[in-house]
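Colleague: Heads up: the protein sequence lines correspond to chains A and B, in order.
Per the working numbering, the first sequence starts with residue 1, numbered consecutively.
Per the working numbering, the second sequence starts with residue 1, numbered consecutively.
Wrong hints could be hidden among the right ones.
Residues from chain B that keep clear of chain A, each with C-beta distances beyond 12 Å, as calculated [stated by the list, open to error]:
id: 1; residue: T25
id: 2; residue: E46
id: 3; residue: I51
id: 4; residue: S160
id: 5; residue: H204
id: 6; residue: I231
Below, a list of computed lysine-lysine pairs in the PhoX-like style, where the Cα atoms sit at most 25 Å apart [to be verified]:
id: 7; chain 1: B; residue 1: K108; chain 2: A; residue 2: K329
id: 8; chain 1: B; residue 1: K154; chain 2: B; residue 2: K230
id: 9; chain 1: A; residue 1: K50; chain 2: B; residue 2: K106
id: 10; chain 1: A; residue 1: K329; chain 2: B; residue 2: K106
id: 11; chain 1: B; residue 1: K145; chain 2: B; residue 2: K172
id: 12; chain 1: B; residue 1: K106; chain 2: A; residue 2: K130
id: 13; chain 1: A; residue 1: K245; chain 2: B; residue 2: K108
id: 14; chain 1: B; residue 1: K106; chain 2: A; residue 2: K139
id: 15; chain 1: B; residue 1: K74; chain 2: A; residue 2: K245
id: 16; chain 1: A; residue 1: K245; chain 2: B; residue 2: K115
id: 17; chain 1: A; residue 1: K343; chain 2: B; residue 2: K108
id: 18; chain 1: B; residue 1: K108; chain 2: A; residue 2: K130
id: 19; chain 1: B; residue 1: K172; chain 2: A; residue 2: K122
id: 20; chain 1: A; residue 1: K343; chain 2: B; residue 2: K106
id: 21; chain 1: B; residue 1: K74; chain 2: A; residue 2: K139
id: 22; chain 1: B; residue 1: K106; chain 2: A; residue 2: K122
id: 23; chain 1: B; residue 1: K172; chain 2: B; residue 2: K154
id: 24; chain 1: A; residue 1: K139; chain 2: B; residue 2: K108
DEER-style ranges, computed between Cβ atoms [stated by the list, open to error]:
id: 25; chain 1: A; residue 1: Y244; chain 2: B; residue 2: S223; range: 30 to 36 Å
id: 26; chain 1: A; residue 1: D173; chain 2: B; residue 2: E241; range: 23 to 29 Å
id: 27; chain 1: A; residue 1: G58; chain 2: B; residue 2: E45; range: 16 to 22 Å
Hint data in this document are derived by calculation from the structure and do not stem from the laboratory.
Beta carbons are placed, not taken as given, at the ideal position from N, Cα and C, and that holds for glycine.
So the chains spell out like this:
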Amino acid sequence: MKNKLLSLLLILTLLFIAQTQVVASDIISGEYTLTSDYYEDTENLETLTKIDLNFDQGNWTTAYHLDLDYEFNLKSSEGELSLNEAYFDYYGSDYDLRAGRQIVNWGPALEYNPTNNLNPLKNMSLIGDKEPILMLQGKYFIDYSYNVEAVIIPYHVPTTEEIVINNMTFNADLVEDDLSNMEYGLRWLGRGVNGFDFSMSYFSGFEDLPTIGMQQTSLGLKPDPNNVYYRKVDIFGADIATSYKGVGLWGEVASFNPEEGEAYYSTVVGSDYKLSNGAYIEGQLIYLEDKLSNENIILQTAVENTFNKIHNFRLGSVYNFETDGYLIKPEIEFSLADATTLKISYEYYEGQLLNNDMLSGNLSNNRLNVELSYSF
Amino acid sequence: MKKILIFTLIMIFTLGVFVFADDLTGKEIISRVDEEMKVDNKFMEEEMILISGSGTERSRGLNIWNKQGQDEDKMMLKFTEPANIEGTGFLMIGDDMWLYLPALGKVKRIAGSAKQGAFMGSDLTYEDMESLGNTGFSNDYDVEKLSDSEIEDKEIYHLSLTPTDNDISYSKLEIYVDKDLFLPLKIDYYNNDELFKILKTFEHQEVNGYNIAMRMEMENIESGSKTILKISNVEFPEELEDEIFTIRNLERGM
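Can you make the complete structure from the sequences, with help from the hints?
Modeller: Have a look at this one:
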């Protein structure tokens, strides 16, 4: 049903474009991707073909953006059409409004941002894409350096609706679609203030991952499978970024304060530098504490450069001091033509990368990925 | 008799101008070059062609806004082509730099060291761009005038520039300046006294009273790579709004 609706939406959009006789190339852009993943542990090969269609039109007052993805699994011959972002922008004299299905990214750190808690994760993985959700976002520009942002999320969308304990799956009670359960976030930013960027943020809403309640039994406290729910949480965040003697520096911290249970926090400090030969090096130290008090101290590093002028390579690594688990990820990207690239990457895992079963996701299965993409 | 006197005076004056012009010192010539290249506000639409050492070409479309502020220079750059980098933006206000990547949907502050490397993957560095723009050469180099010569039938001043600032990444520059336009026709960049890069400028035009090269080629001798910059449109507006040079504008895809 959902696919039919999206197909209808796609057709209607294309008809609208044809009707208005707008030159399609001016408002349609996108990417065609052929991607193949080989998972070593399961010896499973998956090949997908994806088409990402973006429709954009706007002027200095209004704009709209519609992003549709169609993914087809070449092995199972199954396809899926999904709506990614779809929003409307209004630009006022000193404010911007964005309404619709969207992703809001907060924080200067790379890939993992403790202050970025508005969108749920697409997959159960600490570092990964965010799922767009319905939001109203407003930005008020005090001057060229300072602005405040407010985000309203009418209902809670979790990363997962279930919890797995001892190979048993328990479904969580979703947060009621009620006005009193509306989520919101506020942020105050300064940009280029004496060489510094900074922000302070607050989020009021519900945790992305469910919590299982405990019950008293004759054997002591035991998880109660009938009481799996999302805790209400207040998140206070702050971040700062600057450059000192050519070295980029940033820091980001968030304190998670659930309505019940212990508070926990996460922080990231990082640095980057570009050498005169063009090589770019970056490093981040992440302290991650989750709601179950699992601690992770993670060092993330990467070096990247271009070769033969138009191709790129990157060598990334992640090491967890708490588990001694690590990941090494070499990537190479060939530019085949102006808008065509071939990317080959390999993820090698050793040990447990994350001290958190729920967010470990696929972070243990060695993977070879080959991706061919053409943008238009 | 009177006519002869007037003729003689005109000849003396004309010769005097030539003698005076040829008497320009290296410092004076490079100051004139800096003045010619300096503009308060500029908007350019250009194509950047990257050519690898093996001859493979990649093309980029760019829109660039430049403004010389009271305290600091400002630059906004947006990629218009190809599709996979379209919408990528770069903002520089003095020493502060930010990059906007549409795929990530957020603005990232760039470390100051980014100025050390290539400018947007080209064979030009940020330092090259600055010296060919409002910063000029006078403040960072000592100048020595070498013998005059010709390039493609154009009379030129031949200058040798030695850096006075330790932060300059070249050991020496040799600049060949067009005597009429006071624009560099060719610059040889030396690293440890070895020829490292060559910049050539072509298709000089007067636009709104400013002389400008509509085409530049920078060749890296070491790697064999080359970058061609072709300006398709250039404007010198009296005023460029400060609002152009903001994070708000950087985030907009237009």
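Colleague: Check whether the Cα positions of K139 of chain A and K108 of chain B lie no farther apart than 25 Å.
Modeller: Holds, because 18 Å separates the two Cα atoms, which is no more than 25 Å.
Colleague: Against chain A, does I231 of chain B hold up as non-interface, every C-beta pair farther apart than 12 Å?
Modeller: holds (20 Å)
Colleague: When you look at the beta carbon of I51 of chain B, is every beta carbon of chain A farther off than 12 Å?
Modeller: violated (7 Å)
Colleague: Hinted pair, alpha-carbon criterion (25 Å max): K106 of chain B, K130 of chain A. Please report holds or violated.
Modeller: Roughly 13 Å separates the two Cα atoms, so the pair holds.
Colleague: Compare the distance between the alpha carbons of K172 of chain B and K122 of chain A with 25 Å, and conclude whether the hinted pair is satisfied.
Modeller: violated (54 Å)
Colleague: Given the hint that K106 of chain B pairs with K139 of chain A, test it: the Cα-Cα distance must not exceed 25 Å.
Modeller: holds (14 Å)
Colleague: Classify the label on E46 of chain B as holds or violated, using whether its beta-carbon is more than 12 Å from each beta-carbon of chain A.
Modeller: Check passes; 16 Å lies beyond 12 Å.
Colleague: Lying within 16 to 22 Å: is that true of the beta-carbon distance G58 of chain A to E45 of chain B?
Modeller: holds (19 Å)
Colleague: Has the given pair, K106 of chain B with K122 of chain A, been kept, meaning a C-alpha gap of at most 25 Å?
Modeller: Between K106 of chain B and K122 of chain A the Cα gap is close to 18 Å, so the pair holds against 25 Å.
Colleague: Is the Cβ of T25 of chain B farther than 12 Å from every Cβ of chain A?
Modeller: Per Cβ check, T25 of chain B is outside 12 Å of chain A; nearest 33 Å; holds.
Colleague: Would the least Cβ to Cβ distance between S160 of chain B and chain A come out above 12 Å?
Modeller: holds (23 Å)
Colleague: Between the alpha carbons of K343 of chain A and K106 of chain B, is the straight-line distance 25 Å or under?
Modeller: holds (23 Å)
The structure does not agree with the numbered hints 3, 19 and 26 stated previously, though it agrees with the rest.
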